[in-house]
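A.B. asks: Sequence:
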Amino acid sequence: MPTCQSGKALPPRPVRRVRQFLSVLLVTSVLCSGQVIAADDTRDAERERYELMALFVETFQQIEYNYVREVDRRELMEAAIQGMLNHLDQYSSFIPPQDVNRFNQMVEQEFGGIGITVNVRQGQLIVVSPLPGTPAYRAGLRAGDVILEVEGETMEGASITDAVKKLQGPVGRPVNVRVQHPGDDSDPESIRMIREVIKAPTVLGYQYNDQDEWNFMYDSDAKIGYIRMAHFSRYTAEELRSALDKLSEQKFRGLVLDLRFNPGGLLEAAIEIADMFLNEGTIVSVKGRNVPERKWTAKRSGTYPDFPLAVIINGYSASASEVLSACLQDNHRAVIIGERSWGKGSVQNVIRTEDGDSALKLTTAGYHRPSGANIDRYTEGRSDDQWGVMPDEGYVIPFDRKQWSAWDRDRRSRDILRRAGDAPEKSADDGGTDTEPFTDTQLLAAVTYISEKLSAPAAPAETASKPQPAAASPEGGRP
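In this note's numbering, each residue carries its 1-based index in the sequence shown increased by 20.
Read the hints as simulated data drawn from the structure, not as lab findings.
Predicted model, so just to flag it, every value in this text is computed and none were measured.
Among the clues, some could well be false.
Derived DSBU-like pairs (lysine-lysine); straight-line CA-CA distance at most 35 Å [said to hold, decoys possible]:
(1) Lys-319 x Lys-271
(2) Lys-185 x Lys-219
(3) Lys-271 x Lys-219
(4) Lys-422 x Lys-186
(5) Lys-422 x Lys-185
(6) Lys-315 x Lys-473
(7) Lys-307 x Lys-319
(8) Lys-185 x Lys-315
(9) Lys-422 x Lys-315
(10) Lys-266 x Lys-219
(11) Lys-307 x Lys-219
(12) Lys-319 x Lys-422
(13) Lys-186 x Lys-271
(14) Lys-381 x Lys-266
(15) Lys-266 x Lys-315
(16) Lys-381 x Lys-307
(17) Lys-219 x Lys-422
(18) Lys-381 x Lys-319
(19) Lys-473 x Lys-271
(20) Lys-319 x Lys-266
(21) Lys-266 x Lys-185
(22) Lys-381 x Lys-185
(23) Lys-271 x Lys-307
(24) Lys-186 x Lys-319
(25) Lys-186 x Lys-266
(26) Lys-266 x Lys-473
(27) Lys-186 x Lys-381
(28) Lys-185 x Lys-271
Could you build all of it, start to finish, from the sequences and the hints given here?
C.D. replies: Next up, the structure:
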């Protein structure tokens with residue numbers, strides 16, 4: 021009879037029933053997954069699997085009988101499952117029964133939120149980007165901010181699922197957060213925001229003009245356009261096509277595509293946009309250990325002319341924005357400028373558990389760029405490992421925190437809708453803030469690259485015209 025450390029015997033354990041339970045559990049797990057144990061599975065592997073399951077049941081039983089306080093079995097099991105998933109990566113998670121409906125609403129419907137995208141890095145909840153025009157943007161949240169608390173609850177060590185659950189809620193209800201701005205030695209700031217239905221545009225120009233519209237032309241003399249993409253939604257490709265059509269009317273000859281602080285979004289949107297710039301070639305492939313490889317290729321129909329194209333990225337460009345920039349880089353369609361991207365190139369599938377009440381969000385595959393390299397940065401990925409998207413040689417232009425703060429101020433000043441008769445911004449003498457002029461050297465490098473391409477004696481650059489839209493073709497279906 022097993023004993024605990026104090027010498028007290030555990031209640032009699034039905035060893036035979038435990039073994040029977042494990043046998044049924046192993047068989048059920050095979051049948052429910054729809055898979056058959058491979059013929060080359062050795063008995064040693066099966067024995068190891070059995071022993072590990074026995075260890076798990078033994079540990080569960082020890083906690084249930086001997087822990088200092090009574091424990092809830094379901095909570096204990098859910099914690100064990102979540103612990104296993106947390107060990108895999110930061111994107112896999114367990115969705116308990118009480119959260120399944122909320123998760124479905126997040127995926128399928130509109131929701132009340134504050135308009136930020138977040139990610140977890142080294143146990144901290146990081147703001148990847150506030151979406152222009154949203155409560156978070158108006159409240160002054162910035163990319164790189166660390167969210168310390170939401171409604172008084174610490175976010176240290178919280179999963180993305182838990183954090184989003186706290187930040188979202190009924191439209192019109194307030195949410196209170198406590199944030200630490202990067203590079204700011206002052207005390208954390210407490211911010212109160214009112215949740216809204218988030219319907220922010222994803223394709224933005226260089227600045228607003230006095231007709232309440234985005235100006236997509238950066239240099240009207242050289243005919244160089246500028247488009248900033250905040251994230252990828254189901255409407256992004258349509259918005260981008262509209263912006264390019266406006267630039268076509270102005271006879272643009274080159275384009276800067278700004279993906280800085282773009283956290284990603286729908287893979288389908290990134291694929292459709294990549295196909296606008298490519299006549300042929302691989303866009304992206306999805307590969308997994310037990311997932312058939314799927315590959316998307318570009319088609320000539322719907323492609324814009326081959327004008328010079330520069331893409332700017334930084335350390336907060338992630339997921340779909342990395343798919344797009346990697347595709348354009350590997351196909352030699354654009355120069356990539358700025359900083360190394362985030363390194364989020366994994367695909368999560370939602371798998372319903374056998375009881376039907378809960379689900380697993382499990383990483384099952386990864387995005388692979390046309391070169392075949394995986395984009396994803398695995399936990400504790402080193403700087404010399406192959407992940408993310410690196411700018412082209414000679415175009416690595418890092419910004420420090422001070423420069424990013426200045427960039428953010430400059431961008432916000434251009435994002436403000438100013439109409440005729442609006443009061444000008446106050447100077448320091450009038451009670452405003454006096455800051456040094458900011459020079460966006462990453463953007464200047466992109467404009468210089470395009471200008472040199474346009475002035476090259478080789479072949480005159482085409483003026484863009486409107487193509488008929490057509491989607492890229494998947495080989496083997498969609499993920």
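A.B. asks: Between Lys-185 and Lys-219, does the CA-CA distance stay at or below 35 Å?
C.D. replies: holds (19 Å)
A.B. asks: Please work out if Lys-319 and Lys-271 have their alpha carbons no farther apart than 35 Å.
C.D. replies: holds (24 Å)
A.B. asks: When you check the alpha-carbon spacing of Lys-266 and Lys-185, does it fall within 35 Å?
C.D. replies: The hint is violated at about 39 Å.
A.B. asks: Is Lys-381 close enough to Lys-185, meaning Cα to Cα at most 35 Å?
C.D. replies: holds (15 Å)
A.B. asks: Please verify whether Lys-185 and Lys-315 have alpha carbons no more than 35 Å apart.
C.D. replies: Distance of about 33 Å is within 35 Å: holds.
A.B. asks: Just to be careful, I want the Cα atoms of Lys-319 and Lys-422 compared with a cutoff of 35 Å; is the pair within it?
C.D. replies: Violated. Lys-319 to Lys-422 sits at ~43 Å, over the 35 Å cutoff.
A.B. asks: Keeping to a limit of 35 Å between CA atoms, is the pair of Lys-422 and Lys-315 held or broken?
C.D. replies: Violated. Lys-422 to Lys-315 sits at ~41 Å, over the 35 Å cutoff.
A.B. asks: Sort out whether Lys-271 lies within 35 Å of Lys-185, counting only the CA atoms.
C.D. replies: Since the Cα atoms of Lys-185 and Lys-271 sit roughly 46 Å apart, the hinted pair is violated (cutoff 35 Å).
A.B. asks: Could you grab the alpha-carbon distance between Lys-266 and Lys-473 and see if it respects the 35 Å cut-off?
C.D. replies: holds (22 Å)
A.B. asks: Can the restraint linking Lys-266 and Lys-219 be considered satisfied, given a maximum Cα separation of 35 Å?
C.D. replies: holds (22 Å)
A.B. asks: Taken at face value, is the distance from the CA of Lys-319 to the CA of Lys-307 at most 35 Å?
C.D. replies: The hint holds at about 22 Å.
A.B. asks: Starting from Lys-186, check that the Cα of Lys-266 is at most 35 Å away, please.
C.D. replies: Answer violated: Lys-186 to Lys-266 is near 40 Å, above 35 Å.
Of the numbered hints listed earlier, those contradicted by the structure are 9, 12, 13, 14, 21, 23, 24, 25, 28.
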